[in-house]
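Based on the sequences and whatever the hints tell you, model everything.
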Amino acid sequence: MTQLQVLPGLQEMVDSLVKIVTSRTFLEIVIFPGLLNVLLSVAFLTWLERKIIARVQLRIGPLYAGIWGVLQPIADFVKLLFKEMISPELADVKLLMLCALGLMMLAAAPIVTIPFGEAFVIANMDIGLIFVFAVMSLFPSVLLLIGWGSNSKYSFLGGLRSLFQQVAYEIPMWLSVLGIVMLTGTLNLAEIVRAQQKVWFVIPQVLGFAVFFTAALAELERTPFDLPEAETELVMGWMTELSGAAFMVGFMAMYTKFYVMSALITTLFLGGWLGPAIIPEPIWVVLKTFLVAVVIVTIRGTFPRVRVDILLRTGWMRLLLLALVNIVVTVILIWLGLGWVWRV
Amino acid sequence: MPDMIFLALSAVVVASAVFALEAKELIYGTIGLGVSLVGVAGLFMLLGAEYLAMFQVAVYVGAVVVLILFTIMLVRRESGRIVDEEEPASFGSVGIYVAALVALAVAGAVILLAPVSPVAPEFYQVQLQDLGRSLAASYGVALVILGLVIGAAVVGGLTLVKIDREEKPSGTTE
Amino acid sequence: MEPLSSYIILSSAMLGIGIYGLVSKRNAIRLLFSIELIVNAANINFVAFARYSNPPILSGWNIVFYSIAAAAMEATVGLALILVAFRLNGTIDIRKLNRLRG
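Residue numbers (the numbering used here), protein chains in the order written: chain P, 1 to 344; chain Z, 1001 to 1174; chain V, 2001 to 2102.
Hints in this document: simulated from the structure, not taken from any laboratory.
None of the hints are false.
DSBU-like cross-link-like pairs, simulated, lysine-lysine; straight-line CA separation at most 35 Å: (1) P:Lys83 to P:Lys51; (2) P:Lys51 to P:Lys79; (3) P:Lys83 to P:Lys153; (4) Z:Lys1162 to P:Lys153; (5) Z:Lys1162 to V:Lys2096; (6) P:Lys83 to Z:Lys1024; (7) Z:Lys1024 to P:Lys94; (8) P:Lys94 to P:Lys153; (9) P:Lys94 to P:Lys79; (10) P:Lys153 to Z:Lys1024; (11) P:Lys79 to P:Lys153; (12) P:Lys51 to P:Lys153; (13) P:Lys153 to V:Lys2096; (14) Z:Lys1162 to Z:Lys1024; (15) V:Lys2096 to Z:Lys1024; (16) P:Lys94 to P:Lys83.
Below, the structure written as structure tokens:
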């Protein structure tokens, strides 16, 4: 214990700082399931995606950086860090970097409410689900700012397309989990996982799962909904004018959103940490999350892209109708007296 | 400790509100407004209204700020960005005096006349179920009317901004 | 916990900033900013009073619920009006939009 007698208050400050840094919450935030977990999973996801897409397209994918190319994300990271940051003449570089960092922070924020075990959640919020959705509703404005701040017509159009798409699919996403909230009566994600001990929610809420999965694909801007980054049309959409370190942050933000959304799908519909006790609970969550990620990546490799008007019509009309039908089905389930199965 | 959080949040709210009004670029002003509204949501959480804080973030910052950004991008002049030109000095200073007078009058009146004890009771966690029950039961009519008003506002807004083109022959995609 | 008067002072300060914006700005969108600031000041006031009462009043939360939704709708229609005014007049400077006077 250091003895700093210069100022009497300094000793207390050092003590409280040490207490904070070694506290359980801080370690959880920094190591698992927080910062380190997110960074490693994002790196692993980029490698996984490139390998799976390669196999689907009868190629091999990254091969030379480490065994099976596992160190490829690290190589990309180092390369992007040392690249020169080129930006258009009147573009606002400060705004771009700030918004890219903000995007990364917003994408990683919902991980604090996702339960990784029976009592293993960083922030056990009674309004956890609404918190996740409120944070997700902040994405479109940041994307619009990046698209506008690039001062280039292509990225602005890409930003507008992303905005339209993400705003259109927010409402089916909110409505599709309404069935789960009705069955469990709580917005707490840990309680929702605990309520799935007899039956996972993917079974009674098939429609809700389908709607949420589709809306998640659209929110992540992945094929078949990746019109904003249609590589043959708009280069990279809103990310066109980002380069070097800003591009790396934006790219990582996209994959962080992917990871967090997959974790959310497993928590809400696939039973979170529930499973036979041979494997410890956090490993169950990680396994199920990567299963969902593999499915989403395979969908990217096998589906074509949809046209923008079909995209918007699906979001506003068809998914909305399906979500409402799901609510009716849930009401019928409760009225038939089956609500007790999911009461904790 | 709560005092520091309250001071920090109020500083953020007031500072970004002033920045929202005084920034030369309208877009920076909108970002300032967004930060101020998130600060207000933080104050709601400090007052124990967590659900309201999330509601505020989702509706105000998630929807209204996006709308404002969108409108700003649609009303730009062709030559460049919209810049709020310098106000004539006399008008500006009158505004400050009027605003300060009103704020002082309101604050003074409320503090001196409100029959409420100034110290907070112990922390009462309002149950989310109570809020839901009161929304559905006591305020159910208001909720339905709110839904109708929202529908009317959306229809009205869309009708206002609709551009009347010539009638095209039908037979487009589906 | 700080006394209730701190919250009242904060919401009056926001009210003052909003009134200053309404009085002395001539860009229609800045007027909208000011209106949103005033509504938020009132919301903070409602929630503060609902919390500091003994027993806490739940209607304060309900009123703020409706207030946030109604203010969002008012911003929607207001922005639509600003768009239409811009299309018809080419400007959103409120000192030039005075054709209904006289």
